[in-house]
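Once you've looked at the hints, dock chains B, C and D against the given chain A.
Protein chains: 4
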Amino acid sequence: MSIEVIERHESQVRTYCRHFPALFKRAEGSHVFDSQGRRYLDFLAGAGSLNYGHNNPYLREALIGHLNENGICQSLDLYTTAKADFMEAFFDHILAPRNLADYRLQFVGPTGTNAVEAAFKLARKVTGRHQIVAFTRGFHGVSLGALAASAENGKRRAAGQPLNNVLRAPFEGYFGQKVDTIAIIEKFLDDPNSGWEAPAAFVVEVVQGEGGLETASPGWLQRLAALASRLGSLLIIDEIQTGCGRTGDFFAFEASGIKPDLICVSKSISGFGLPMSLLLIRSEHDQWAPGEHNGTFRGSNLSFVTATAAIRHYWLTGDFIGEVRANAVIVRSGLNEIASRHRGVSVVGRGMMLGLRFSTEGRADAVSRACFEQGLIVETCGPHGNTLKLLPPLTTPEALLEEGIEIIARCTALSESRTELLAGAA
Amino acid sequence: MSIEVIERHESQVRTYCRHFPALFKRAEGSHVFDSQGRRYLDFLAGAGSLNYGHNNPYLREALIGHLNENGICQSLDLYTTAKADFMEAFFDHILAPRNLADYRLQFVGPTGTNAVEAAFKLARKVTGRHQIVAFTRGFHGVSLGALAASAENGKRRAAGQPLNNVLRAPFEGYFGQKVDTIAIIEKFLDDPNSGWEAPAAFVVEVVQGEGGLETASPGWLQRLAALASRLGSLLIIDEIQTGCGRTGDFFAFEASGIKPDLICVSKSISGFGLPMSLLLIRSEHDQWAPGEHNGTFRGSNLSFVTATAAIRHYWLTGDFIGEVRANAVIVRSGLNEIASRHRGVSVVGRGMMLGLRFSTEGRADAVSRACFEQGLIVETCGPHGNTLKLLPPLTTPEALLEEGIEIIARCTALSESRTELLAGAA
Amino acid sequence: MSIEVIERHESQVRTYCRHFPALFKRAEGSHVFDSQGRRYLDFLAGAGSLNYGHNNPYLREALIGHLNENGICQSLDLYTTAKADFMEAFFDHILAPRNLADYRLQFVGPTGTNAVEAAFKLARKVTGRHQIVAFTRGFHGVSLGALAASAENGKRRAAGQPLNNVLRAPFEGYFGQKVDTIAIIEKFLDDPNSGWEAPAAFVVEVVQGEGGLETASPGWLQRLAALASRLGSLLIIDEIQTGCGRTGDFFAFEASGIKPDLICVSKSISGFGLPMSLLLIRSEHDQWAPGEHNGTFRGSNLSFVTATAAIRHYWLTGDFIGEVRANAVIVRSGLNEIASRHRGVSVVGRGMMLGLRFSTEGRADAVSRACFEQGLIVETCGPHGNTLKLLPPLTTPEALLEEGIEIIARCTALSESRTELLAGAA
Amino acid sequence: MSIEVIERHESQVRTYCRHFPALFKRAEGSHVFDSQGRRYLDFLAGAGSLNYGHNNPYLREALIGHLNENGICQSLDLYTTAKADFMEAFFDHILAPRNLADYRLQFVGPTGTNAVEAAFKLARKVTGRHQIVAFTRGFHGVSLGALAASAENGKRRAAGQPLNNVLRAPFEGYFGQKVDTIAIIEKFLDDPNSGWEAPAAFVVEVVQGEGGLETASPGWLQRLAALASRLGSLLIIDEIQTGCGRTGDFFAFEASGIKPDLICVSKSISGFGLPMSLLLIRSEHDQWAPGEHNGTFRGSNLSFVTATAAIRHYWLTGDFIGEVRANAVIVRSGLNEIASRHRGVSVVGRGMMLGLRFSTEGRADAVSRACFEQGLIVETCGPHGNTLKLLPPLTTPEALLEEGIEIIARCTALSESRTELLAGAA
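Residue numbers (the working numbering), protein chains in the order written: chain A, 1 to 426; chain B, 1 to 426; chain C, 1 to 426; chain D, 1 to 426.
Hints may be right or wrong, so weigh each one.
[What the hints assert, rightly or not] Computed from the model, here is a short list of chain D residues facing chain A with C-beta under 7 Å:
| no. | residue |
| --- | --- |
| 1 | K125 |
| 2 | T127 |
| 3 | H130 |
| 4 | T136 |
| 5 | P162 |
| 6 | D190 |
| 7 | P192 |
| 8 | S194 |
| 9 | G211 |
| 10 | P383 |
Don't read these hints as lab results, they were simulated from the structure. These figures come from a predicted structure and were not determined experimentally. Here a beta-carbon is modelled for each residue, glycine too, at the ideal position from N, C-alpha and C.
So here's chain A without its partners, still in its complex pose (with noise of 0.2 Å):
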């Protein structure tokens, strides 16, 4: 009956009930309950915004105990002891252990989309220019500025107006192993006659989230982050669905060693699911002026209080990270299996953010629904819906992703049976 006051109310925007239509109400660590009280394993996740499980008990204990306190909620950018704590924590534990203490934290509205919007206007203004650099599959957000730089069609075309000021890029294998993307943009950057002006920024992410979980290497980044410099053209990386331990290191650009100009982070940042975006920026590059970008959420208090509580309970030592890599051996080997099984289906993606391509269109989709048919809530992604994309939280119990490794290894096998079946028909 509440959904039908949803359905009823709702713009037709909404998508995710669509394929996952249950009346969800609780929720704990890996599960969330629908109102009937039945299970579900929960392999979205918040889309990668809950790391850490749905009410991580660390983290709400805190959010609790700052409620209980009357501690401050919403204050803007004023100073507060939430926040003071929360960067503390984050400059102490995340940033100078590896060897980033030269980066400023911008807080900005509590969306990814904004950090992005951030970063491009602030690349604009540090280097005097005006294009951005994105890439093939990339996925920055949907408001204005930030959907230039991402790749999707349908939401391109949503925007009603032309997108510009971007200049598109191959991400690296997007023409197969064999074509060096690097060396094709640099061909086009250092040739004064090709069309490509130097520009502001580069924009990428290590691991394409919504791109279908193509992945980086080090060595292409290094590459990318030297053109990048040389050009004087800033380097940014989106980290918004690929930060906080998601890929096996709390950035997933870590592994490369590279010092990215600009950092956008947000999703699983507060930990517990609640809206918060940061943008972190070399010092160099911190030519703001005060108040030039705002937004009225920016001091979310409540997820201050959740993050810290994240970093203070997570990021201390590296037990939690050698944990999150062990369950990346475990997620990797059963989706592996599953590929050798079956034509047509491999595996992609790094760390905790894994996936399933399958060359047939529609069958990722099948197999998702039929997931869901059995309690797993698993997701696609990529051109066409073509990628099965695990999000698990990193704190799901072996127990669990087994359990639902081998909901998707059934499901996988019984969307084959099918597409044989309707392969034979016709």
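The following block gives chains B, C and D in isolation, referenced to the frame of chain A:
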């Protein structure tokens, strides 16, 4: 000491903290407290996002209850019981009684600017046109699409690229009370040879929160709505700062009797200061394809919980809005008295969104700083920051409103002496 | 039969030939002759590009002489004797006597629109700003840059993309004679919160040739020039249609005494109807790098030859411009008499750029068609084509001017009877 | 002395005259003469606008005849006998024999850039799409729309604003002969998640006149045409520099057998160096409304007269184009010999549009300057001006072609000695 942490690591873009440089820790109702326990009266109130005061007990109770039950925090746009509850309450107690039953709700990324971006995209899609008519002194956010419609030069320059696809129109009274600005706009739009084309939409604030509290009269709004309708353009009312009771109605446009095509709502909609943002769409315009405009934090259930509690506590009867209106009379009368005692000071705004406009440049800022020294937080807005803007929680008791006005009165007097001294010295 | 060849193979874009569907063969002075030998009086005169009449004998002689000597025809921007002669004549007899010695000449691609494109690029380069302020009813050409500044919707729509980087300002009198449009523009530009920014340039026609012969007064131009100067913006005067004596001075702005930063000249500059276009640049703004704006036909020496001949024949003394002014008195007085005899008819324009404005839609067109039947070619302009525009060669003898005016008088009377008949029938 | 007049009063934008600083006076066939009577062999030939040589006697005779009869010079887009004659000749002798009878002619403002502007507008109108795919090293003019498609950075920067609505694609061979650039373009356009959308049109030169004489093979063009057709995009061939016989056919695309949707023609179409420009439109795309794209000098009848004479004299039989091809063999063989004698020198281009590419920066320029000293005018093109471009009149007799090549051979040898000397000194 904690302020140092922030100053060392936060971007130069920070701004409110420069004017109110205390380290805040707790807050209740209309008060905030710094880490030393010093009390401040808060007439800034999250820039209008805390209409029901800090840590409103009814809302806080609901929030803690939800957390204790492991209620869902973040759900993308999945169906949840918290969302259904909110929609039902919003429909039954806000929309239906105001004869607005025919609107659909779009949950957008939880920033006001994202609601504006969605509105512009939808208007362009529905009409197949490109241009948006926006007004002098208007402010609609700083992501690229919304920024193009915002008027302030400093923020516009920060785009680092030309801002386009917006036609700029004069707000009511922009050229003085004798010049009919609707007639000016009509002249442009009815002339096939003016260089203006029929727009996708008009976007307007009923009271310009950032632009200096300029106010659109019901008659002017009616004529604007009629013009938009005649041209096949959509009328977007930006209620981000004016909404949720601030001007003496739930929506500021209610007095005019118009039915806007799109309504942007944010700031105080969650009631508790939690990030939340809505676009209300007349159902005939709900032409979105699923997923055309998305965002991770659209499903912030904690916001839904407090938003529902706020509706159920404050909006089932007319009592609350009656008190708001009574408070507005008190504040206006206090400000009128101040204005009557000084040259070059006038009262602007509507409802509980009132301000003092100073004709001497820099004086509003001086008053704001002096107020802060005396324990009152109140900001400025408008061109050259010429207007002291009062946004106390709507729940502020009469005694505290009068305390605040008294401080403003003292500081205004003080600023005059100083100005005279400076004038004498020159 | 030849018309058929054209109609079969020429694009639908053709337009003048639809209103004046004869096959023209020869032309002399103010007359053109069709292939049957029928004579037409030409008050269109190449849309203002034949100020000295068709096949002006002095110019034609110079041209044939050049051809007989194998003088160079096309030279890009190489030095040629024909170019040097023109520059010397233009400098000595046009610029220097008007106190405009400090201008540089840029030879642009031989279309008016190209001069405007060059002017906009240079203004943007010199100021580092993006926006151009253009006026209601303005027309500056249909290549993309110039089109953005042109006001007519039909032509703008043909761009197939949004036209941007232009701020649209009201021309003198646009809101009636009581509204001071310079004050309106100043209000926008002096307000840091209006949404207008200081522009790279203002571009304006002194008499709006396509926009309905609206006329800027000397005082209005002086104030516009002062405003541009105060803002550090360039003032571009588009003299494409008004230049070369048409308004009673060589340049239409002369009466105002201003010194524009950039002046666009084309149409009658070659004198013979040959393509030619110039941008005049105050020397301090000549900040082009070599080759930054180029084009093949900048060096059309046949145009230089006839342009030089025109200067030497008509502009060494004040005799010619004296005759132009006398002719203007004759035409204006004839038109005044027509206007006085009919309701809803008024006289507009300046110098020999005069017209009849009709308040009844379609009537100007009816008069134009009737005139053509009676052997007079005269076109319409303005919104809804409401203005009959007379652009006879400046060399037209008094008797022919009177013949033309008599035809117009007859046809205006005729159109009134028809209108009355129609009104009676309705 | 006359040069001084020019240098004093002409804008700094001038460029060819800086490389060839003589004062030219007369010209015949392949020769120009300066004011001292010095003879120069002209392998620049109006940058390709003098394919039939200077003062071609057949064309000049027709022109003088027209003038003597008071033939119309300028007629806007009215019907004239000169226009009908041209259209008949162009249709009967150029289009029909090439199986291009189904094209309409649009007479645009007489610059190549204007034809390109018209083509883009029409393609956007016909398809309802915004983007134009243009190629690396392409050059299409410097008015704003065409400039967005042009590749050279220096000219692009001069826009003073971002250039948009163009997707940049690699020309044939851009990444070396092994990389299939059509496959690259197809990959982008067939991927719904690449960031590229289906374009309104592709615009391409068969030989890139400014970009360094890169050449598109017939097979590549066929695949591009097929791709455009499959996507519902228009194919625009820019024949401005390649047309009128330059590459060994009337149109450079003829060898490929494709039928472009739109063809831009200018430069040598008048034959005499007079300004003229055409857009050829496949009739199904002729969706212009009357007057949507206009311009004063579209009706330059002197150009029609010489254009008709050129067609009637040179294109009724295959003799002329046969000679052109024979000449092309001579020039190519001469250049091949030069290239064979020097390191880092290669021959590029097609037909009579050939050049020497030098791998050492600055050497092409040195050769050009040395040639000028020896009486040969020949310019450079390409990135860093690395290519010596030979555009002699197509009518140049064999002996003069060999004279020119000999000078180039000498100067190339000379430049090598100098380069070696410099290398030795360094």
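Do the hints match the structure? See the list:
1. At about 15 Å, the closest approach between the beta carbon of K125/D and any beta carbon in chain A exceeds 7 Å, and the interface hint on this residue is violated.
2. The criterion of a C-beta within 7 Å of any C-beta in chain A is not met by T127/D, whose closest approach is roughly 14 Å, and the hint is violated.
3. With a least beta-carbon distance of about 5 Å to chain A, the hint placing H130/D at the interface is held under the 7 Å criterion.
4. Proximity of T136/D to chain A holds as hinted, the smallest CB-CB distance being about 5 Å (cut-off 7 Å).
5. The beta carbon of P162/D comes within 4 Å of a beta carbon in chain A, closer than 7 Å, and the hint placing it at the interface holds.
6. Residue-level restraint check for D190/D is violated (minimum Cβ-Cβ distance to chain A is 10 Å; threshold 7 Å).
7. Of the supplied interface hints, the one on P192/D holds, with its beta-carbon coming within about 5 Å of a beta-carbon of chain A, less than 7 Å.
8. A hinted interface residue such as S194/D counts as satisfied when its beta carbon comes closer than 7 Å to some beta carbon of chain A; here the least separation is about 5 Å, so the hint holds.
9. Here the hint on G211/D is kept, as its CB sits about 6 Å from the closest CB of chain A, short of 7 Å.
10. A least Cβ separation of about 4 Å between P383/D and chain A falls short of the 7 Å threshold, and the interface hint therefore holds.
Of the numbered hints given earlier, the model fails hints 1, 2 and 6; all others are met.
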